[in-house]
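*Asks:* Each chain is listed here by its residues.
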Amino acid sequence: MSAERRYTPTHEWIQPFGDPSRMRVGITDFAQKEITDVVFVELPKPGKQVPQGAEAAIIESVKAAFSIYAPMGGEIVAVNNAIEGNPALVNRDPYGEGWLFEIKIDSSPEWNGLLDEKGYEALLASGTGGGH
Amino acid sequence: MADFIPHTDTETREMLARIGVGHLDDLLSVYSQSISAEGLSDLDSLGSGCDERTLLSWFGSKAELNRDAGKAVVFRGAGAYDHFIPAAVGALIGRGEFLTSYTPYQPEASQGLLQAIFEFQTAISRLFGMEISNASLYDGATALAEAVLVAIRETDRRVVLLSEGLDPEVRSVVQTYLEGLSVRVDIIPLTEGFTDLPRLFERIDTTVACFVGVTPTFFGTVDRFDGLADKLHSSGALLIIHANPHSLALLKSPGEWGADLATGEGQPLGLPLASGGPYLGLMTARKKYVRRIPGRLAGLTKDSEGRSCFVLTLQAREQHIRREKANSNICSNETLLALSSLCYLSLLGPSGLREAAAGSWSNAHYLRDALISLPGVTQLFPDTEFFHEFILTFPVNANKVSEHLLERGVLGGLPLEALMGPDWSRRMLWCATECRTKEEMDEAVEQVRDILRILS
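Respectively, the protein sequence lines represent chains B and D.
For the first sequence, the numbering used here gives the first residue as 1, with consecutive numbering after it.
For the second sequence, the numbering used here gives the first residue as 1, with consecutive numbering after it.
If you're looking for bench data, these hints aren't it; they were derived computationally from the structure.
Possibly wrong hints are sitting among the right ones.
Calculated pairs, DSBU-like style, for lysine-lysine (alpha carbon to alpha carbon, straight line, at most 35 angstroms) [what the hints assert, rightly or not]: (1) K288(D) <-> K325(D); (2) K62(D) <-> K252(D); (3) K71(D) <-> K400(D); (4) K63(B) <-> K400(D); (5) K45(B) <-> K325(D); (6) K104(B) <-> K71(D); (7) K33(B) <-> K400(D).
Just a sample of chain D residues kept apart from chain B, beta carbon distances all over 12 angstroms, derived [unchecked claim]: (8) G90; (9) F201; (10) A274; (11) E305; (12) G306; (13) R307; (14) L314; (15) A316; (16) R317; (17) G349; (18) G352.
Which chain B residues stay away from chain D? Per the calculated CB distances, all over 10 angstroms, these [claimed, not checked]: (19) P16; (20) A65; (21) S67; (22) L124.
Nothing here was measured: the structure is a model prediction, and the numbers come from that model.
Backbone N, C-alpha and C define an ideal beta-carbon position, used for all residues, glycine too.
Put together the whole structure using the sequences plus the hints.
*Replies:* Put into C-alpha cells, the structure is as follows:
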C-alpha cells in the first residue's frame, strides 16, 4: 500500500497516517468549493465503528448540510478538534489542517476499490461525481 | 419534482398491502366508531340547504350547549391555567401583520416577525435561566418529548428516567414519541411529592440518557433537585426539567438547578383556556446543545452594511434542509401564540409576573386552608411546599363532588380517578390562580360544605 492519497466518487479523500492501518480522511478541494463556507462540522465520536460508505460526519454550510461517508470501514480513532472552533479550516486547507477524522481500518483490500488521483480527476472532468 | 410528491397511488397500495390493510378508510374506522352524531340528530333538518340566518341560529344553539370557562368559577388547572390576560395582548396580536402571517419561509423579508421571535426567545430563556430558547414548538408535551430525543441522540443511550410528578397525559405523549426507538422508560417515584433523590442517584448509571424532573409536579408540589445535575453529568447523562413557566417568577429556575434542557407549556403566559389548544411549547437549552434542539431559531446579526438585523439561523438542523436526517420533523412553530406570551410578559414585566404568581400562590394556600377545615377533607402531602395546586382527599366520591359543583356554576378541582386509577376516586387536584377573589373562594368552600352534607 503506497502513501498516496485515494478518493471516493462522493469527494472524500483518504490517506495513510503514521502506520498503514491508520487512515486520515477529509473532503476534496472540489467538495469544499461546492459546499462553500463551512460553518459547522459534526464529527463522529472516537471509538465508533463505521462500515465503508456509512455516514461518518456532517458538514454544514449556512443553508445546507452534507453527509461525509467513510471511504473505508473501521473504527474512528481520532477527530480533528481544531475544526470545531474553526470550521473554515476545511475550506482553507482541505488536504491539510482541514482533515476530519482518522480511521483504524478493518480491511486493506477496500483501498484498491478507491480512485487514485488520475481516476478522481477524470471523474471531475466527466462531471459524473456522486455529489453530496 | 417527482422527489417532492410524498407517495403515488402505487406506493400507497404497496404500503397498505405491507401492513395488511385493504383501504385507507379502514385506518380511520377506529374514529368512526368513537365519534357519533348523537345530539346532532336535527342535522337533517337543515335539509339540502338553508339561509345564513338559519344556519347561524342552528350552530348558535349547539354552541349554547357548551359551558366555557368564562361562565364558571374555575378552580381547575392540571396543565391549563386561568390567569388574567390584559386586553392589550389580544389587541396587539390581532394586528393583521401578525394574525395572518405564517411561519416565515422567506424569513429575512419579515424583519418584524423575526424580531418578535427573537425577543420571545430572550424572554423565555431568561425566565427559565437557560442560555437559549427556540422559537417555540406546538405544545409543552411535544416540547418535552423532543428534549428527551435530544438527550437520546446526544448520549446515544436508551434509558430514560421520568419523574412520577409528570402529568400522566404528558407522559403518554413522551412515550408515544419514544415508541419504536427501543428506549426503556422508567418512572422515578415521588415520596411525599418530592423526587426521592438518594433512590434516584442509585438508579443513575452509564446506560441512562436523561432524567426528567418536573416542577411544580402534576400534584402541585414544588420539587427540588439538589446535586442532581452533577450526579447525572458525572455519568454522562442529561438533566431535563419540565416546568410551569408562570411558577418560575417565584421558584428556582431550571438553569439554577443545572438543567441541560428545560421545557414547559406556555399556556399560562397569556394564552386563554381552550379545549386542547392551540397551546405553546417552550424549549430551552444550554448553548452547547443549540445544534441538537429542534425547531426554528431567530438570531441577531449584522447585514453587509453593518446594520443590526434578524435572521433564522442554524437551519441546517432542520427538515427542509437535512431531510430524514434532521433533528426533528418539526420545523415550524407557534408564532402567534409565542407573540401572545411575549406581549403578556412585556405588559406584566418581571414584577407584574411575580405579583400574578404570588397572587396564585397565596390564593391557593388560602383555599387549601379553608377546604381542609371542612369535616373529612384532608390534603395529600400536607407538609410539602406547593405552588398553586394541591390534592385533597374527600370523604365521598370526587366525581360526584365535581358534578354537584358544576351544577352550581363552579368548575372544581380535577377528579383524579380517570387519570390515576380507582385508588384515587376520592381525590381532586385543586387550583387557584390570582384571578380568584376571596368571595369566590369562600362561596365555593360553602358549596363544597353543602355538597358533602348532601352526599354523606
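*Asks:* Out of the numbered hints, which ones does the structure contradict?
*Replies:* Hints 2, 4, 6, 7, 14, 15, 16, 20 and 21 are the ones this structure does not satisfy, whereas the remaining hints hold.
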